[in-house]
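*Asks:* Chain S: place on chain X using the hints.
Order-wise, the sequence lines are chains X and S. With the numbering used here as the guide, the letters of the first sequence map in order to residues 89 to 420. With the numbering used here as the guide, the letters of the second sequence map in order to residues 540 to 892.
Hints in this document: simulated from the structure, not taken from any laboratory. Careful, some of the hints might be misleading.
[Said to hold, decoys possible] If you want the ones that stay clear, here's a sample from chain S, every Cβ over 12 Å from chain X, calculated:
| id | residue |
| --- | --- |
| 1 | Leu-583 |
| 2 | Ile-597 |
| 3 | Leu-603 |
| 4 | Gly-605 |
| 5 | Val-687 |
| 6 | Arg-858 |
| 7 | Leu-860 |
[Claimed, not checked] Only some residues are given here: those of chain X computed to face chain S with a beta carbon under 8 Å:
| id | residue |
| --- | --- |
| 8 | Ala-237 |
| 9 | Gly-248 |
| 10 | Gly-320 |
| 11 | Ala-324 |
| 12 | Thr-350 |
| 13 | Ile-398 |
| 14 | Ala-401 |
| 15 | Ala-405 |
[What the hints assert, rightly or not] Computed footprint of chain X on chain S; a stretch qualifies when at least three of its residues, placed anywhere within it, have a C-beta under 8 Å from a C-beta of chain X:
| id | segment |
| --- | --- |
| 16 | 667-681 |
| 17 | 709-718 |
| 18 | 721-729 |
| 19 | 735-747 |
| 20 | 862-874 |
| 21 | 879-885 |
Glycine is no exception: its CB is placed at the ideal position from the N, C-alpha and C atoms.
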Amino acid sequence: MRGRRSVGLVAVVVLLAVVCILSLTVGSKPIPLHVVLDELWHRGDQSDDGIVIWSLRMPRTALGIAVGISLGLAGALMQSLTRNPLADPGLLGVNAGAAAAVVAAIGILGLTSPSAYIWFALLGAAIASVTVYLLGSRGNSAATPVRLALAGAAISAVLGAFVSAIVLTDQQAFDSFRFWSVGALAGQPASVLWGTGPFMAVGAVLALALARPLNALALGDDAGRALGARLGRTRAVSVISVTLLCGAATAAAGPIGFVGLTVPHIARAITGPDQRWIFPYSALLAPILLLGSDVLGRVVARPGELEVGIVTAFVGAPVFIGLVRRRRLVQI
Amino acid sequence: MTSMAAARSARPKRIFTLGSFHIRVEPRALTVALVLLVLTVVVLVISLTTGDYPISPIDVVRTLLGDGTAIQHFIVETLRLPRAILAMVVGAALGIGGAIFQSVSRNPLGSPDIIGFDAGAATGAVVVLLVLHGSQAATSLGALIGGVGTALAVYLLAMKRGVQGYRLILVGIGIAAMLTSVNSYLLTRAKVTEAQQAAVWLTGSLNGRGWEQVRPVCVALVVLVPLACMLGRSLRMLELGDDTAGMLGVPAEGIRLASIVVGVGLAATATAAAGPIGFVALAAPQITRRLTRAPGPNVLVSAICGALLLSASDLVAQRVLPSTQLPVGIVTGVIGGIYLAWLLSREWRKRLG
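Next up, chain X with everything else stripped away, as it sits in the complex (with noise of 0.2 Å):
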């Protein structure tokens, strides 16, 4: 198991190095596939094809890589957190809260500019999702997942009833936001990755550092303590961890549920119920089927795109629906 296990892992990083190539070349504009690894060995030469590489698709993969990453992360960490398998990062208020803090951005004080978004969404996230886990928690315990769950979904509620409020009273706003709200990584520069990857990367190592305690507390809540996992401070590093995570990965991209909700059940399919395994292949099959989907999106609708949140459901839904068909599941 171990073996077939490391092997499929070492597949699985082929796949996200054929997509990220595949990233490089298609597209509106295609390069061949020599022109691409020549540009990547020398830069510099300020030829069409390498500002195309440079300053257009280079940022939009390195984006997607990190986006996804971020999203498959969190997803499974949020799952096994909640034990709940219709988690997803969103849960905890993160989309919810940037959705609202964007869309005050937007329809109060009038900023149109999606680079000037990243931070009200990022603020909106941390906000939500403290208040979020407050609520959860029982007194001076820790979260409960089902608790953690249904204050979730009350102040999403919330916030999407302001959402509602003002997109639907103000048409420019909810134009702007109607686009934001889908997900997509073209167009973002290079500086919304240096803005949001410090954060992602905080996010993703606190992720794999809660694999083995995750692991404890998957049995329940008695047994994870008597076997030496500390309740409070892994469910408090876990909602710290998905808050970075997804709200940077949102702040970038914009919402995208899919990928976090369903990518962590295809890992566990594949791995078993170990999140040793199921953290790094989520973290790889995640950017996998956002920038596959992705370049997909590029193709299908020539001259013009589909955006990547689109796109994503279309690609990973099939896959995720013939796998939950055929193995035998195995439960949170």
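*Replies:* Frame of chain X; chain S shown alone:
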């Protein structure tokens, strides 16, 4: 939840016998139901009497008995009464639907959406509004076809030597995600004014609804509520897991299918009448659980709770911000969300103290 069930089985219960029928009544649930019912009636009275043209309660009664002025007749019987009743029946339908789905999925986040119903209904409506440019009636029909069709598709896709609850949830997630993408695509490609109208429909609204929307929901409630009550007991067993339920003599598979049919039926009629009003289906059963302190779906109390939640929300939507014509779906999110959060925080303080 199951350990709570065991711990509380010792609470007092009363059995009422009526011929060969035995009705088990839990005193606390009964009290909660009565209080919620009284509050609902209070909301009904307020929404009939207040507004731009205040009418005293006595005049309202006189009007209903056929003894008012023409303008009072118009205001009470054409404008206020159908809307207030619609809020109550739609809220009740959503409350029961939520209670059923939360038990079927054994998940507090369960709603008709786990079987793709909401996403499918939204797609049906958005296609009618943005692609076919249909009327309001056509939109309702589109939502109905989309929702029921999707639910059927999810159930069939999840079928493989029987439908396991867990697989049903996952297939539902996948299908719902695809349909949500279709909705986003249509909403971003449409003209902004049309897209905004579609967004209003997707929030759920009672604006401009009348008796023709009330009747089908009432018929659905009359047919489906008794079925839901009959299923309630078996559903409580089902929450213990398929195997345990089977040992207790409850056919898990059949009960699940019957519950899904009843739940989707209720959600479908409610959605056709008022659009996919958010959060009532999720909040009503959860609030009920916390108020009655009982495990398992309490179908009738959830229904009353849903009715109260939606009528109160619609009253706020109409009276507090009369100029904006806010869709009621926004207010249910705020009121339901804050109330649920308050309930959670109250438990929080209790444990702390």
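*Asks:* Run every hint past the structure and note whether it holds.
*Replies:* Right, here's what the structure says about each hint:
The beta carbon of Leu-583(S) is kept farther than 12 Å from every beta carbon of chain X, the shortest such distance being approximately 24 Å. Look at Ile-597(S): its CB is around 36 Å from the nearest CB on chain X, clear of 12 Å, so calling it non-interface holds up. A cut-off of 12 Å between C-beta atoms confirms that Leu-603(S) is not in contact with chain X; the least separation is 34 Å. With a least CB separation of 39 Å from chain X, Gly-605(S) remains clear of the 12 Å interface cut-off, as annotated.
Against the 12 Å criterion, Val-687(S) stays outside the reach of chain X, whose nearest CB is about 19 Å from its own CB. With a least CB separation of 16 Å from chain X, Arg-858(S) remains clear of the 12 Å interface cut-off, as annotated. With a cut of 12 Å on Cβ distances, Leu-860(S) falls inside the contact zone with chain X, its closest approach being about 9 Å. Taking 8 Å as the C-beta contact cut-off toward chain S, the hint placing Ala-237(X) at the interface holds, the least distance being around 6 Å.
For Gly-248(X), the shortest C-beta to C-beta distance to chain S is roughly 6 Å, which falls under 8 Å, so the interface hint holds. A cut of 8 Å between beta carbons decides the hint on Gly-320(X): the least distance to chain S is about 14 Å, and the hint is violated. Using the Cβ-Cβ criterion of 8 Å, the hint placing Ala-324(X) at the interface with chain S is not satisfied: the shortest such distance is roughly 16 Å. Annotation: Thr-350(X) was flagged as interfacial toward chain S, and the flag holds, the nearest CB pair being 7 Å apart, inside 8 Å.
Nearest Cβ of chain S to the Cβ of Ile-398(X): about 5 Å, under the 8 Å cut. The hint holds. The closest approach between the C-beta of Ala-401(X) and any C-beta of chain S is roughly 4 Å, which is under the 8 Å cut-off, so the hint is satisfied. Hint status for Ala-405(X) relative to chain S: holds, with the closest Cβ pair at about 4 Å, below 8 Å. Coverage of the segment 667-681 of chain S by chain X is violated [criterion: at least 3 residues with CB-CB distance below 8 Å; count 0].
Judged by the Cβ-Cβ criterion of 8 Å, the segment 709-718 of chain S is covered by chain X as claimed, because 7 of its residues qualify and three suffice. Residues of the segment 721-729 of chain S with a Cβ under 8 Å from some Cβ of chain X number 4, which satisfies the need for three, so the listed coverage holds. With 4 residues having a Cβ less than 8 Å from any Cβ of chain X, the segment 735-747 of chain S passes the three-residue criterion, so the hint holds. Taking a C-beta to C-beta cut-off of 8 Å, the segment 862-874 of chain S contributes 9 residues in contact with chain X, enough for the three needed, and the coverage statement holds.
Under the rule that three or more residues need a Cβ within less than 8 Å of chain X, the assignment of the segment 879-885 of chain S holds, with 4 such residues.
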